[in-house]
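Q: Based on the sequences and whatever the hints tell you, model everything.
Sequence order for the protein chains is R and V. Sequential numbering from 1 applies to the first sequence in full-length UniProt numbering. Sequential numbering from 1 applies to the second sequence in full-length UniProt numbering.
It should be emphasised that the hints constitute simulated quantities derived from the structure, not laboratory data. Misleading hints may appear alongside valid ones.
Listed next, the in silico DSSO-like pairs over lysine-lysine satisfying Cα-Cα at most 30 Å (straight line) [as the list claims (entries may be wrong)]:
1) R:K201 with V:K439
2) V:K447 with R:K292
3) R:K292 with V:K77
4) V:K77 with R:K138
5) V:K447 with R:K131
6) R:K329 with R:K185
7) R:K138 with V:K439
8) R:K334 with R:K292
9) R:K224 with R:K185
10) R:K98 with R:K69
11) R:K138 with R:K98
12) V:K77 with R:K67
13) V:K77 with R:K69
14) V:K77 with R:K201
15) V:K77 with R:K371
16) R:K201 with R:K329
Facing chain R, a subset of chain V residues (Cβ under 10 Å, in silico) [what the hints assert, rightly or not]:
17) R54
18) S55
19) D57
20) V72
21) S100
22) G177
23) V203
24) M209
25) D225
26) A437
27) K439
28) Y443
29) F459
Note that CB positions come from ideal geometry on N, CA and C, so glycine has one too.
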Amino acid sequence: MPREIITIQCGQCGNQVGCRFWELALQEHAAFNPSGVFYFSMSSLFRNMDTRFKPPRELPVSDGISKIKDLEARAVLVDMEEGVVNQLLKGPLSNLFKSRQCITGISGSGNNWAHGHDVYGPQYGEAILEKIQSEAEKCESLQSFNILHSLGGGTGSGLGSYIMEALHDNYSGVLRISVPVFPSKDDDVVTSPYNSMLAVKSLVDHADCVLPIENEALCEILDKMEVRKLRSPTLYVPKPSKGKKHPSGKGFDAMNEIVANLLLHLTSSVRFDGSLNVDLNELTTNLVPFPKLHFLMSSMSPALHGPSHENAAQLPTVNQLFTDVILHKNQLVKGNPLACTYLASAFLFRGSQSNVSDLSANICHLRQRMKMVHWNPEGFKIGHCFRPPLHAPQALLCLANNTCIRAGIHSNA
Amino acid sequence: MRDCVRARVRERERMGVVVLQVGQGGNQFGLSLFDALFSLTSSLANEFFREPRRSADLPRARAVLIDSEPKVVAAVKRRSRAMGYWRYGPYSSYTEDSGSGNNWAKGFCRLGPSWQDALSDLVRREVEMCDIFDGFITSQSLAGGTGAGIGSYLLEVLKDEYPSCNTLSHCIWPLEGECTVQYYNVVLSIAHLCDVVDGLLLVKNETLMSTCKKALGIQRPSFDDMNTVGARALASVLVPAYYQTKPKLTGLLKSSGKAATTCKVKSSDCQSQMMSSTQVRILSDLVTGLCSHPKYRMLALRNTPQVPTGLDNSTTHPWKSHLKQLKQMLYMEPSWAMESTSSVHGHKCTSDYSAFRKIDRCVANLLVLRGKGSSDADVSLLEDKALYPVWSKDPLMVATNTAPLGDFHIFASLLSNCSSAIAPAAHALSRARAMHASKAYLYQYAKHGLSMDDFDTSFEAIEAVLEQYREL
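A: Structure below.
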């Protein structure tokens, strides 16, 4: 019954984003599951383990009424420095990950793609694949690998590319979805353009679907929220983290939360019921008309904790969500999709207050403003999941295969 | 009651129709259909429900539920249990976890063959529970991979396994923008289904949505609302009715307990029905009457009213306005007539909208009237020779039932073998050809064994069907 997703977190950025993702996933499932039952929807991302046994025994979902004993994430953590992974294993999420799911090195990749790909790849490749295989064998029907990594450094980009190639060779029937964080223009890693260019080549050849993220775009989204906070003092904005900050001064925590929300929204239709379910397979079928053109612009509305403290009257309507989601300031990669051509786009709606007629009507309106490619003037895919996200009563994710992505890749690589 | 009548009554009671619900859309619609079949009749429609083994249990729907992912079938079964009047059989469903990814080729070429044995067994089990098996009705959407792809494959297999059975395929035409590759899936499905099913009933989601908004006043209709409207329309031609045959006395009557009560109350109507009417055999008569020509299989369904109206004793001809409305519905809807083709990449689309006539010409019609005075209604409006080609003999079948349809004291349905599918099919064909000319998404289908030539074959098959209807 479950359709599992294995998350592979590679490098410092990948593991930090992953950490935030698992925190929010637990909160999301807990919010709708006060009785602590291990539902089918949880089994996509988690395993239920009985730790009284040695080794711990997995409790199957069966009829979906058994209680949660001990959750384990379906994840593999890879980093060539121990710091971030050790922090994860000691932190509040320590129960989710076991050491058998982690591969760490000591000296790091020195922000060098070649070191990550050509040295650590062959050195650690077999061990990584063993751990991935161990996770995959515990899945009844594995749907996809989600790879979280950055492209500017050495591990996430170099070793991440190696892992992508290995997955392509060994699990060709399973989707490979990459969520790479592109370096910004003022990135403090000097070699980041080389690293990201080499990684993009690997993503073109070996990934099924890539959802690029740019830190600059995330900062702009957070800036906008702070401006809104000034206008509306009760509006909640996540606090900047005490730890490492982005050169713009924004905490990475808030930025990682946006990416985590993206991943939760993407997988919501796999996990929860809806009137128009959209699998990850369906996304690639509908949005990737040619095999190498699989780089998708993503945008969400709302992206983050927005209206939780606002008046109900100020909550955005479904029409506003659609209007906002195609604007350039809400994209997670810098670019203006309305000024370029859409090859295809998907609108995945979460929430039960609206239904298919609202979604359909909004798509008809949006068509007037979007420039669609001539052979696909009705290139839309609608998804509707009944379960809303944590941070809003309804939310919309737009994934667009749009030609403006080339500006983002070109400037960063 | 005469022995021959008793024999026909027993036969009718034991006939069974198995409904195959395939894919998300097909399963959601199937739930609404069974709900309508149960609630719109005063007695249990034995063709669609079987009595449970233990009398304390609820009737079981004669259905097989199929999907490539488990959530929808589980939700549909849960909802039927929650309604509490009937249930799906406990072993009547087949689901897997893979999903078909909106890919017709994955459904038709990969999943269909690998599931063939399991699905055949499941269907056979349900068919064996019918004393006399009349045929299949499938409920499927044309946009995705499961309903369209696996549904098409399953029907081909069932055609081989049950060569003499009748098949009616209820196909849901998607909204614009529901799925990027929907036109490929629609074209491939129709091309394959036309060869294997007896009747192909196309229902547009857009039409159902528009009916909900304009006729029912639901400003923001959900899929449930649309499915309720569509299910009522289909159920109105499937639940018992009697067609008038002259002059032989071949009367028969439902003899289940509740219907007998109904007939006691309306004894004069029942008497006249007994004296001059023959029971409509749901699939066989429908299919042989409407789809006897192998080249004409596309059906359309129209009905009126959409909102229950009270008994109107003030007019002497309550049926006249409804029949007039049905005839007006045969004129092509403006939105379809306004579509225009364009040439893409120098490839001229062959669909020619200027050849459309003003009215949907029909090969044959089944008119079903339900309510008081239905057997005396004047149907000459629909006997108009201008509606039919000259070679069509006795193109209008009329069936009536004095019993109301649920809350509707008066209800008229028209199931037509007509040219109303030309416009949407031609539109889908032109869009599919445009994508095909650019080779968009073809690698996704080629991965599962469908080549460009297979697409060309399907395009030609659709063109041939459209040409036949244009000549009407």
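Q: Can the hint on V203 of chain V be confirmed by a CB-to-CB distance to chain R that is less than 10 Å?
A: Where the cut-off is 10 Å and the nearest Cβ of chain R is about 15 Å from V203 of chain V, the hint is violated.
Q: Double-check F459 of chain V for me: the hint is only fine if its C-beta lies closer than 10 Å to a C-beta in chain R.
A: violated, 15 Å
Q: Holds or violated: are the alpha carbons of K98 of chain R and K69 of chain R at most 30 Å from each other?
A: Distance of about 15 Å is within 30 Å: holds.
Q: Going by Cβ atoms only, is D57 of chain V closer than 10 Å to chain R?
A: violated, 21 Å
Q: Mind checking the CB of V72 of chain V against every CB in chain R and telling me if the closest is under 10 Å?
A: Nearest chain R Cβ about 7 Å off; hint holds.
Q: Would the stated hint for A437 of chain V survive a check requiring a Cβ distance to chain R of less than 10 Å?
A: holds, 7 Å
Q: Can you confirm whether the C-alpha distance between K447 of chain V and K131 of chain R stays at or below 30 Å?
A: holds, 29 Å
Q: Need the status of pair K138 of chain R, K439 of chain V: alpha-carbon distance at most 30 Å?
A: Violated, at roughly 38 Å.
Q: Grab the minimum C-beta distance from Y443 of chain V to chain R and call the hint holds if it beats 10 Å, violated otherwise.
A: holds, 5 Å
Q: Has the given pair, K138 of chain R with K98 of chain R, been kept, meaning a C-alpha gap of at most 30 Å?
A: Cα-Cα ~15 Å, so holds.
Q: Below or equal to 30 Å on CA atoms is what counts here, so check K292 of chain R against K77 of chain V.
A: Distance of about 41 Å is beyond 30 Å: violated.
Q: Check whether the Cα positions of K329 of chain R and K185 of chain R lie no farther apart than 30 Å.
A: holds, 17 Å
Of the hints listed earlier, those the structure fails to meet are numbers 3, 7, 14, 15, 17, 18, 19, 23 and 29, in rising order.
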